[in-house]
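Asker: Line order of the protein sequences matches chains Z and S. Just so you know, we're using this note's numbering here: the first sequence kicks off at 30 and counts up by one. Just so you know, we're using this note's numbering here: the second sequence kicks off at 3 and counts up by one.
If you're looking for bench data, these hints aren't it; they were derived computationally from the structure. Remember, it's a predicted structure, so these values are computed and weren't measured experimentally. One or more hints might be untrue.
What the hints assert, rightly or not - Taking lysine to any residue pairs in the SDA-like style, the calculated list, with each CA pair at most 25 angstroms apart, reads:
no. : chain 1 : residue 1 : chain 2 : residue 2
1   : Z       : 131       : S       : 101
2   : Z       : 71        : Z       : 104
3   : Z       : 131       : S       : 31
4   : Z       : 131       : S       : 105
5   : Z       : 131       : S       : 37
6   : Z       : 131       : S       : 106
7   : Z       : 131       : S       : 55
8   : Z       : 131       : S       : 118
9   : Z       : 131       : S       : 56
10  : Z       : 131       : S       : 34
To be verified - Some chain Z residues close to chain S (C-beta under 7 angstroms, calculated; not the full set):
no. : residue
11  : 48
12  : 50
13  : 85
14  : 125
15  : 127
16  : 141
Here a beta-carbon is modelled for each residue, glycine too, at the ideal position from N, C-alpha and C.
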Amino acid sequence: MNSEPRVLIVESNDILRVMLFTVLRHQPIAVDTAASAEEALKRATSCDYALIVVDTDMSEAVEFLTRFRADRPEATTFIIAVRDGRSDAFLDPEIVSAVLSKPLEIDTLAELVRECAFVVPPPEDPLNCPPSESELRMKMERGPYIAN
Amino acid sequence: MAWRPQNMRLETRILVVDDDDAIRALLRTVLRRRGFVVETARNGIEALEQLGASRYALVVLDLMMPEMNGYDLLRNLEDQSFTARPRVLILTAGLNLQPVRSDLIVACLPKPFDIDLLVDTVTGCIGATAPLRQPDVAPDTTLPMPSRLN
Chain Z
30 MNSEPRVLIV ESNDILRVML FTVLRHQPIA VDTAASAEEA LKRATSCDYA
80 LIVVDTDMSE AVEFLTRFRA DRPEATTFII AVRDGRSDAF LDPEIVSAVL
130 SKPLEIDTLA ELVRECAFVV PPPEDPLNCP PSESELRMKM ERGPYIAN
Chain S
3 MAWRPQNMRL ETRILVVDDD DAIRALLRTV LRRRGFVVET ARNGIEALEQ
53 LGASRYALVV LDLMMPEMNG YDLLRNLEDQ SFTARPRVLI LTAGLNLQPV
103 RSDLIVACLP KPFDIDLLVD TVTGCIGATA PLRQPDVAPD TTLPMPSRLN
């Protein structure tokens, strides 16, 4: 089982999502991404995430979070909402833990993710997750192992 | 602008009191990045111990905590004089808040808090209310020696 805390980035903007993944995958954490609320729910209900960073300006993002908390009430996941700084839409404190305004300071976000992910208590009965995207990417970059 | 000796600086020590490990880690991270000295406590009892041992410019306080909650901590601060007690910034997710003496707190931010807003609020509170700290080193009162005697 992978002992690194796992983080899910939910962002529909391709450029932002890839950038966040690229920055975060070099941290000592396992990183997955989702481009839609539907994909995010699929991942979040089949894996234990220490942290979910979600763009709440994205279509159905709040519905995803509400559904996730309802479906997995036992999850200890810490959720950081990322949204337009001008937005004042209500976010339920039972669902979202903290809010970060856009434009993002990437180095701050990376440090936050690294610091927070390690202190979220692991689930008592962890799910059997497939390898993370960051893990798969690392294996792909290393290339196949060829025995001499 | 108030006069301030050059060798004195603002006390920037902050105590974050929250039972949520991730919230404490988050606040420690963002506030340290702004140059504050951040210490943490998991409940009111730990906070009281730390308040007895060190002086803080600001306490960022969650109200709902086990052991000793934020309300009880505030009651403990009531006996201290206005100048002696730290300023308190409340973070709360609760909707039905108990009445709190307004002179005990400087601001209240609802959870989930906007991280940038919280950092700006803390910076504003520190700038507006922090007491002056005694200088670390005694000021040099000796007159400079003239490099050349006439």
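Asker: Taking the hints in turn, state whether each one holds.
Answerer: Right, here's what the structure says about each hint:
1. Distance check on the hinted pair: residue 131/Z and residue 101/S sit about 34 angstroms apart at the alpha-carbon level, beyond 25 angstroms; violated.
2. Of the pairs offered as hints, the one joining residue 71/Z and residue 104/Z holds, with about 15 angstroms between alpha carbons and a cut-off of 25 angstroms not exceeded.
3. Of the supplied pair hints, the one linking residue 131/Z and residue 31/S holds, its CA atoms being roughly 18 angstroms apart against a limit of 25 angstroms.
4. At most 25 angstroms may separate the alpha-carbon atoms for a hinted pair to count; residue 131/Z and residue 105/S exceed this at roughly 34 angstroms.
5. For a cut-off of 25 angstroms, the pair hint linking residue 131/Z to residue 37/S stands: about 22 angstroms separates their Cα positions.
6. Restraint check for residue 131/Z and residue 106/S: not satisfied, since their Cα atoms lie roughly 33 angstroms apart, outside the 25 angstroms limit.
7. Taking the CA atoms of residue 131/Z and residue 55/S, the gap is about 39 angstroms. The hint is violated against a cut of 25 angstroms.
8. For the given pair, residue 131/Z sits about 10 angstroms from residue 118/S by alpha-carbon distance, which is consistent with the 25 angstroms threshold.
9. Only pairs whose Cα atoms come within 25 angstroms are accepted, and residue 131/Z paired with residue 56/S is rejected, the gap being roughly 36 angstroms.
10. Between residue 131/Z and residue 34/S the alpha-carbon distance is near 20 angstroms, which keeps this suggested pair within the 25 angstroms criterion.
11. Taking 7 angstroms as the C-beta cut-off, the interface hint given for residue 48/Z is violated, the closest approach to chain S being about 19 angstroms.
12. Interface hint at residue 50/Z: violated, since its Cβ lies 20 angstroms from the closest Cβ of chain S, which is beyond the 7 angstroms cut-off.
13. Residue-level restraint check for residue 85/Z is violated (minimum Cβ-Cβ distance to chain S is 10 angstroms; threshold 7 angstroms).
14. Among the interface hints, the one on residue 125/Z holds; its C-beta lies about 4 angstroms from the nearest C-beta in chain S, closer than the 7 angstroms criterion.
15. Checking residue 127/Z against chain S: minimum C-beta separation of about 5 angstroms stays under 7 angstroms; hint holds.
16. Interface hint status for residue 141/Z: upheld, as the beta-carbon distance to the closest one in chain S is roughly 5 angstroms, under 7 angstroms.
The structure does not agree with the numbered hints 1, 4, 6, 7, 9, 11, 12 and 13 stated previously, though it agrees with the rest.
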